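**Student:** Here is what each chain is made of, one letter per residue.
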Amino acid sequence: MSNQDYYVPHGTYWPIIGSIGVSTLFVGFANQMHGVEWGGSVMGLGMAIIVFMLFGWLGTVVNESVNGMYNKQVDKSFRWGMSWFIFSEVMFFAAFFGALFYARILSVPWLGGADNNMFSGATEALETSKYIWEGFQATWPLINTPGAVGQSGVEFSSGFKLVDTWGLPALNTGLLLTSGVTLTYAHHALRKGHRNALVFWMLATIALGAAFLGFQIAEYGHAYHDGLKLTSGIYGSTFYLLTGFHGFHVTIGVIMLTVILYRIQKGHFDSDNHFAFEGVAWYWHFVDVVWLGLFVFVYWI
Amino acid sequence: MSYTAAHDDHHGPEKGLLRWVKTTNHKDIGSLYMWFAFAMLLIGGAFAMGIRAELLQPGLQLMDPQFFNQLTTMHGLIMVFGAIMPAFVGLGNWLIPMMVGAPDMALPRMNNWSFWILPFAGGILLSTFFMEGGAPAFGWTFYAPLSTTFAPDSTDFFIFAVHLLGFSSIMGAINIIATVLNMRAPEMRLMDMPLFVWTWLITSFLLIGAMPVLAGAVTMMLTDRNFGTAFFDATGGGDPVMFQHIFWFFGHPEVYIMILPAFGVVSHIIPTFARKPLFGYSSMVYATASIAFLSYIVWAHHMFLTGMPVAGELYFMYATMLIAVPTGVKVFNWVATMWKGSMTFETPMLWALSFVFLFTIGGFSGLMLGIAPADIQYHDTYFVVAHFHYVLVTGALWSIIAATFYWLPKWCGNMYNEKLAKFHFWWAMISVNVLFFPQHFLGLAGMPRRIPDYSLQFADFNYISSIGAFSFGLSFILLTYIVIDCIRNGTPSEARPWDSAKGLEWTLPSPAPYHSFNTPPARAVILEESQHS
Ligand code: HEM
Ligand SMILES: [Cu+2]
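Just so you know, the sequences run in chain order S and X.
FYI, the numbering used here numbers position 2 of the first sequence as 2, with every residue one higher than the one before it.
Heads up, the numbering used here is the position in the second sequence plus 1000, with the first residue counted as 1.
With the rest of the complex left out, here is chain X:
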């Protein structure tokens, strides 16, 4: 069987800017996603700088509290829905067809649409800043009644933006499922698939299960706000706490949507630079699947203080603890992969290794938060902020940066500047810890999250944290330079720039051809390139 691009066998990209609007090519669309995510990362980062500038010293320094709340809200929304999620879909677009030996994604036109909804959603979301009453200011979790009774008019625009983001994610997920299940090289069995493909496949099921529930939540908000329903209003027999249940039924799977593909990325990079096959391939697959399953049944660990029935508190506590088991399997496997390996520390490996350390710190603070009686102390303090930034920044974002350095030679055909990239790594790595580690202490000492001002005993750690934030923010200027410099002036890279890298993508030349695999790879090649030894 052969796959050729049916219309025109030797066509490349179209000329001109419209290419990017019309494109149905998985690599073009992958690049669009990645640049969009990067732009959003910078915007969301700018908001974070505003937040940390206000918190540099006690007292209201720069902005009124309402605007501060708008910044925290938009920072969270933009980072989650605009930066991290699109970046992973971008990686998936670029890599999955190459990794499974396919010519392109299964549904290329829809692929274009899942991207091209995003700039509209992002635009609507950001435009709320300029509306009367300002942008939403109720936090990225938009709890009712803050988001229903007490929210500005712009909230309705926010609701529609969330709908658009949901359409995009669902279409993206459907496309990835169809690609993995239907476009895989005929000789590639499921248990031959690389882990990035496995983790994305499972993530897609999380997206399809969770995003529609989010759509339901914002729809109820919409009718409560505008059409007199009473879902979240106790005077009408509804319940504001019900909002939290619906939100977190989406929200907890959502955090795993942002970390499972990261697990996949790290499971590629560590074996390459340890020069050993991945330890425990099949246990990695099963661990990913069980994390995904468990992520649907632990949501109310975000709600230990809502006055749930005691039986509920206990159940959600124990179920949460269970997630530590498959997560532990993964961390164990990464460490075991490195055991007695001949390790080298090129930039992607530095990011992946620090992922293992720092993500694990975030996992441990998660465990602490998952203990219901202890969470009574930690809930809604900076300890939670520290927890989720360790898992999301030094987890999800770290893996995205690691993946960028690891696959950049394949994407653009050039090698980045290793010296500069290493320097950038240490800069970011040190400053991110200066930024977030003190927040653990702030939280344990009782500093609440989402406040523009604080009492004096928190001053020192906040000062340190803000300095770390500014330094971390600046480091992204260097990252931008390194990536652009690589694309423009980097030295040409070989097809397989990392000597012991495995995977079908490395059998293609660098940069990868416009249509990935016109003929599916043979069984022998697939086995040779597979991750299970």
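With the rest of the complex left out, here is chain S:
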């Protein structure tokens, strides 16, 4: 086998196992939401199958990589794959940011009676909204929802207290930004072959990420206590889905960084052959940038 061959793998069972895992998870989840007893256990089973699949599949890939079966071209395929995967994640977050901006800039003012026709020259609020929700104030953050009970019967948690921008969120911004720097130091250390520095900076990055998560959980605790809940109307909806999906991505990122640290210990990488490290680093920076968007548009202005 020459070093130039593009590696086309054997048949594989991992994908079908993955499909079974994800489907099991989803079927369990749907049943769980509908109050079926076995929903939760089936979800757990699905998760277990997925974890098994990930270990098996990625383990195979790691083995192949360590055994030198991949050439530069395979490496490049992975790079294209990872970068466009991250782009798809960007678009996923874009949907939620879009919802946030749409609500803030357009639909909440309209609910309060703002005119939507810039050619009409109207300056007064339209009367109509007053008849449906008397006394509704269209403000952002929308602390008080127009109605008290939603269409499907949820009682909205209105009148909550906002999270203080310059408390935990600011601290978390600092942590995450610093973690981006430490990860870059780790990368430099890897390129120069400084093992101890590499391990140190990786540990620092993981610690910063974990601290971020801890504070995020604490912040959710305070917010819930102050009445800001998932059921706090459009503000709570955008707040929790944006920060929640971000937190989920940080969690995945921390797990991946830990795996990379493990692989560093195993000696899987050398100074110019470490795509897995770089892929995870790109992911981490992406999570970082999303946080900046969150900090500015969700917590700050």
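Read the hints as simulated data drawn from the structure, not as lab findings.
Keep in mind it's a predicted model, so treat the numbers as computed, not measured.
Where is the CB? At the ideal position from N, CA and C, for every residue including glycine.
Please note that the accuracy of each hint is not assured.
[Unchecked claim] Chain S stretches covered by chain X per the calculated footprint, using a threshold of three residues with CB under 8 Å from any CB of chain X:
id	region
1	151-164
2	198-206
3	235-245
With chain S held as given, fit chain X with the ligands onto it using these hints.
**Tutor:** Structure of chain X with the ligands alone, referenced to chain S:
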């Protein structure tokens, strides 16, 4: 540089059924996609027969309205996500590695996964029919609050099915991008690439940009339904119209996802049977790219009646009109390719030619719909139904059938029965027009879409349309026969069954070897086979 399949240079497919489960081969996976899509086409087609049977005559004849709505919903979903999209990914899998001189797709294991998610997604989606409250009945566009507050429990299964379909599409798109950009023969420049490859590359960017937004939309639906969020509920400060914005930000690129690869297919077939190089190769590439770009900024032409700001109405109207320009460039180029060509009319050409005519009809009705003041009349009538069936059935589906006949000899090594195939073409071609053309008149006369019953003045055209539908549906039995007959008993085909066909795929023997190109083709061959003269 050489590419050999690293593990085992002379290995072919594995034996037995498990081959299809484990396979990492682009041709196997392409075939799986195509057969899956075909099965879904038949299922979705059966639903359509149910719809047209109910609409054959006024009055509620066969089913209760709720079930009728389930049928229209599932028909749309199955056709879009189960038939058309997988069929194009299947074509891409089969053809792209051969067309760019590569041994296989860039990420073969992931390729297997993008296919093998689909049967699970399809299974979950179809299983909703058997759940309490029935299948989703809110239309393929699943507008809130129909899909949130007023939908059956099965909707949550539908949501997860959409997530799975999204994973599959995104992985498929990533794989195609990596293959085209990284696996291309080193001597093939971007502007040497065949148009099917170009259109699929651009489509992949549409998929990666649009599918995650769809995932976002269904996720918001999920939390609105189950966790008390208020994205689409005005009492909580949300807005049901916001759902439509998010949906159509995905939805309009989605319709181009279903038509750009079709443009690619037709740009291969017409030059072959006109025996002339494609007219305006580079303008075709640029037109495709600009259509893709524009498709992201016109979404609210589906929402002219939602009470958007007037400035929004105007903007979306003008932006929509702009798409007609690059689309016109394409149609012009196809016609110019045929100009003074020595044309023959084998089956693939018949499908491609009728694509040009019928798709253009759909494009014109699209233009009519894009005029905001006129759309106040047409919106949510059968005119819209006629429009999108002309672009999707006689556009997207037509090109898939054209591609099947054109490349079938390469895939299975045999020639199909030309006489029977031509007969089938005319059968399908006439009945599809009997089916959909009267729907224009129904819409202009004001018949709303998605209703199981209608007032008496619509009876005649509905009757005609239903007769066309039954005939069109039956024609697929013959298509199935022709394809299976070709695979089983067809006469062996040469490597290049169409004398003036260009493209690297024709330099391989028929049927194509299991691993496409072990050594990348040389510059001279690439130029010889390229589409730009
Ligand atoms: C010439 C370019 C096109 C223009 C200007 C155009 C314009 C429009 C407009 C304005 C509507 C909304 C009508 C309404 O609901 O009142 C519409 C609907 C639709 N179009 Fe097009 N269209 C074009 C091409 C296409 C293509 C190429 C496809 C797909 C291959 C397509 C698929 C659809 C579909 C599926 C719908 C209906 C969606 C629904 O409400 O269920 N269109 N089109
Ligand atoms: Cu559109």
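**Student:** Would you mind marking each hint as holding or not holding in the structure?
**Tutor:** Structure-based check of all given hints:
Only residues whose C-beta sits within less than 8 Å of a C-beta in chain X count toward coverage, and the region 151-164 of chain S has 4 of them, enough to reach three; the restraint holds. Chain X is given as covering the region 198-206 of chain S, and this is violated because 0 residues of the stretch bring a CB closer than 8 Å to a CB of that chain, at least three being needed. Coverage of the region 235-245 of chain S by chain X holds in this model, with 6 residues showing a Cβ closer than 8 Å to a Cβ of that chain against a need of three.
The structure fails to meet hint 2 from the earlier list, while all remaining hints are met.
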